[in-house]
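Starting from the structure of chain A, add chain B with the ligand where the hints point.
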Amino acid sequence: MISSRVIIAVLYVLLAPFVIGLLDGFDRKISARMQGRKGPSVLQPFFDLKKLFEKEFLTANKTQLFMIYSYVFFIILSGVIFYAGFDLLLVVFSLSTAAMFLILASTSTHSPYSAQGTHRELVQIMSCEPMELLVAVGFYLATKTFNVSEVVANSVNSNIIYLPGFFVGFVFILTIKFRKSPFDIATSHHAHQEVIKGVTSEMVGKEYGMVTLAEWYENAILLGIVGLFFLNSNPVSFVGAIIAILVVWFLEILIDNTSARVKWQLMLKLAWGVTIVAAGMNLFLLEIIMG
Amino acid sequence: MSTIHKSPWLLHYDGSSCNGCDIEVLACTTPVYDVERFGVINTGNPMHADIFLVTGGINSQNAPVVKQIYEQMPQPKVVIAVGTCACTGGIFKECYNILGGADTVIPVDIYVPGCAARPESIIDGVVKGVALFKEKAAALEASQKAN
Ligand code: SF4
Chain A
1 MISSRVIIAV LYVLLAPFVI GLLDGFDRKI SARMQGRKGP SVLQPFFDLK
51 KLFEKEFLTA NKTQLFMIYS YVFFIILSGV IFYAGFDLLL VVFSLSTAAM
101 FLILASTSTH SPYSAQGTHR ELVQIMSCEP MELLVAVGFY LATKTFNVSE
151 VVANSVNSNI IYLPGFFVGF VFILTIKFRK SPFDIATSHH AHQEVIKGVT
201 SEMVGKEYGM VTLAEWYENA ILLGIVGLFF LNSNPVSFVG AIIAILVVWF
251 LEILIDNTSA RVKWQLMLKL AWGVTIVAAG MNLFLLEIIM G
Chain B
1 MSTIHKSPWL LHYDGSSCNG CDIEVLACTT PVYDVERFGV INTGNPMHAD
51 IFLVTGGINS QNAPVVKQIY EQMPQPKVVI AVGTCACTGG IFKECYNILG
101 GADTVIPVDI YVPGCAARPE SIIDGVVKGV ALFKEKAAAL EASQKAN
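These protein sequence lines are chains A and B, in that order.
Letter by letter, the first sequence follows residues 1 to 291 in this note's numbering.
Letter by letter, the second sequence follows residues 1 to 147 in this note's numbering.
Next comes chain B alone, as it looks inside the complex:
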């Protein structure tokens, strides 16, 4: 499980965000920030993804969607909540349809705060996610060996 940190493929899901954080996630792939230099690919297919980036809060409509995407991703996987909305519900927290942050439906590993989260901090979060990924991969391998 040594190469996984060299090729983290992302899946970006927009919950009920204001689109601010999504634009910042996209900014990471532009020439200014160029996350592809770390081997990051924005894949769009849960089956091929290693890291799940959630922006925006969870509402009663997207809760099953987020859950399903999470379940479709093969192990090992890391979830990163990007922006205050995805961390806690943010400014939409009191709305009648909002359940809260991404951790209300799936386990979140890394929280990237900010409204909107800066591209630098998103990249920071992804790098932390990749480190965590290595740990999870090693744990998975150990548990597979034990069985």
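Chain A extracted, bound-state conformation:
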């Protein structure tokens, strides 16, 4: 049992960038097809990443690189905690520590463009954090444990049965977490948006490469949490979890390609609204049923 947990954690560290990078490549391909274009190769994200590491390294402030290394470290640490089956609450806290390093990295250069992006990033964190915490609470109420491996081992049925509201809320904030329209508010990939690259605008070459890598690791954790809703003690549920992850991933691409950008005020209201209504109602009902 212990050894299999170690193996999963090691596999996460080794494979997450390849799997998520490939998903990202398919994302760009599918998006292009939705827009009637041919689109780049599915390996494009890897080409981009390799190129970033080959560019000249310019930086306005040396501390930025250190902050970015810390950001990557804490993201990977959160992933290891999650995939090794430890405390879900610890994963959420470790992820927010990582986010703090990203904020410190972007503010360390004193550029007005980064400052604008940082402000947006903070608003995004504010919109997502309550829901992330509530997901951990939801799993606790349904299974009486925060421990990821026990959540899986103790559940006879998939927890989605008890936590549909939490699931809806979590998928909603995933759009923000994945930096997709309509919520690509702190960084946008497109040059004709209001804020371009925001929080990452002063990160050059390998720094930007590291941030991209960290985002892939983070997305692997978030998709893992989506899978956790569907996992139970029966190993067959693993297939269901994979299907659920792919469906959610496709849904995010669809939302990205069919929606226009909103203002951050609306994002905050929507994210908290969905959190309070969906997760709040679910929490309330769960308390009544379980209590």
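To be clear, the hints were calculated from the coordinates, so they are not data collected in a lab.
Just to be clear, a hint being listed does not mean it is correct.
From the derived model, a few chain B residues whose C-beta atoms are all more than 12 Å from chain A [unchecked claim]:
{"id": "1", "residue": "Ser16"}
{"id": "2", "residue": "Gly20"}
{"id": "3", "residue": "Ser60"}
{"id": "4", "residue": "Lys67"}
{"id": "5", "residue": "Thr88"}
{"id": "6", "residue": "Ile91"}
{"id": "7", "residue": "Glu94"}
{"id": "8", "residue": "Val105"}
{"id": "9", "residue": "Ile106"}
{"id": "10", "residue": "Pro107"}
{"id": "11", "residue": "Asp124"}
{"id": "12", "residue": "Leu132"}
Looking from chain A toward chain B, a few residues come up when the C-beta cut is under 10 Å (computed) [what the hints assert, rightly or not]:
{"id": "13", "residue": "Ala32"}
{"id": "14", "residue": "Leu43"}
{"id": "15", "residue": "Glu54"}
{"id": "16", "residue": "Met203"}
{"id": "17", "residue": "Tyr208"}
In this text, a Cβ means the ideal position worked out from N, Cα and C, and glycines have one as well.
Just chain B with the ligand now, kept in the frame of chain A:
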């Protein structure tokens, strides 16, 4: 430095153009021409850009801006002047405020003529730019090794 040619990120700056060339640059990203299939991204951030596309001539107001953008781009980098205005000053050449083409302030590597430059020739210019990019990258690597 082998992958750079697979992922050229562009930065497009509009000098004092009539907007004709800018529309053609944008046309390159539409489904008809789809430059993204070559891995091209129109980034908008000089720090992430590999290729600098300048449209329109240089006037006394935008000269320092163009210079600054050029300096903010990390090596290796390629500059492409798109349209007659960016090549020489074009029909605005005689105006009192126009200094000339993009090469009056920064070194230009590739000139794409035309008024307006056709999307096909812009893509051609970018492809040439990417080839040049590989050369520059190799030269940079060699000089780094020498140091
Ligand atoms: S070259 Fe012609 S189309 Fe292009 S900016 Fe100049 S005047 Fe306009």
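Hints and how they fare:
1. Every C-beta of chain A lies more than 12 Å from that of serine 16/B, the closest at about 20 Å, which supports listing it as non-interface.
2. The Cβ of glycine 20/B lies farther than 12 Å from every Cβ of chain A, with a closest approach of about 18 Å, so its non-interface assignment holds.
3. Every C-beta of chain A lies more than 12 Å from that of serine 60/B, the closest at about 24 Å, which supports listing it as non-interface.
4. Every CB of chain A is more than 12 Å from the CB of lysine 67/B (nearest about 16 Å), matching its label as outside the interface.
5. Distance check on threonine 88/B: its Cβ is at least 26 Å (rounded) from any Cβ of chain A, clearing the 12 Å threshold; non-interface status holds.
6. Distance check for isoleucine 91/B against chain A: the nearest CB is about 27 Å away, which clears 12 Å, and the non-interface claim stands.
7. Under the 12 Å C-beta cut-off, the non-interface status given to glutamate 94/B relative to chain A holds; the minimum distance is some 32 Å.
8. For valine 105/B, the non-interface assignment is confirmed: its Cβ lies about 20 Å from the closest Cβ of chain A, beyond the 12 Å cut-off.
9. Every CB of chain A is more than 12 Å from the CB of isoleucine 106/B (nearest about 17 Å), matching its label as outside the interface.
10. The claim that proline 107/B lies off the interface holds: its Cβ sits roughly 17 Å from the closest Cβ of chain A, which is beyond the 12 Å cut-off.
11. Listed as a non-interface residue, aspartate 124/B keeps its Cβ farther than 12 Å from every Cβ of chain A; the least gap is roughly 18 Å.
12. The Cβ of leucine 132/B lies farther than 12 Å from every Cβ of chain A, with a closest approach of about 16 Å, so its non-interface assignment holds.
13. Hint status for alanine 32/A: holds, given a least beta-carbon distance of 6 Å to chain B, under 10 Å.
14. Checking leucine 43/A against chain B by beta carbon gives a least distance of about 8 Å; that is within 10 Å, so the hint holds.
15. Look at glutamate 54/A: its Cβ gets to within about 6 Å of chain B, closer than 10 Å, so that hint holds up.
16. Restraint check, methionine 203/A versus chain B: the minimum CB separation of about 7 Å is within 10 Å; hint holds.
17. For the restraint placing tyrosine 208/A at the interface with chain B, the shortest Cβ-Cβ distance is roughly 6 Å, inside the 10 Å limit, so the hint holds.
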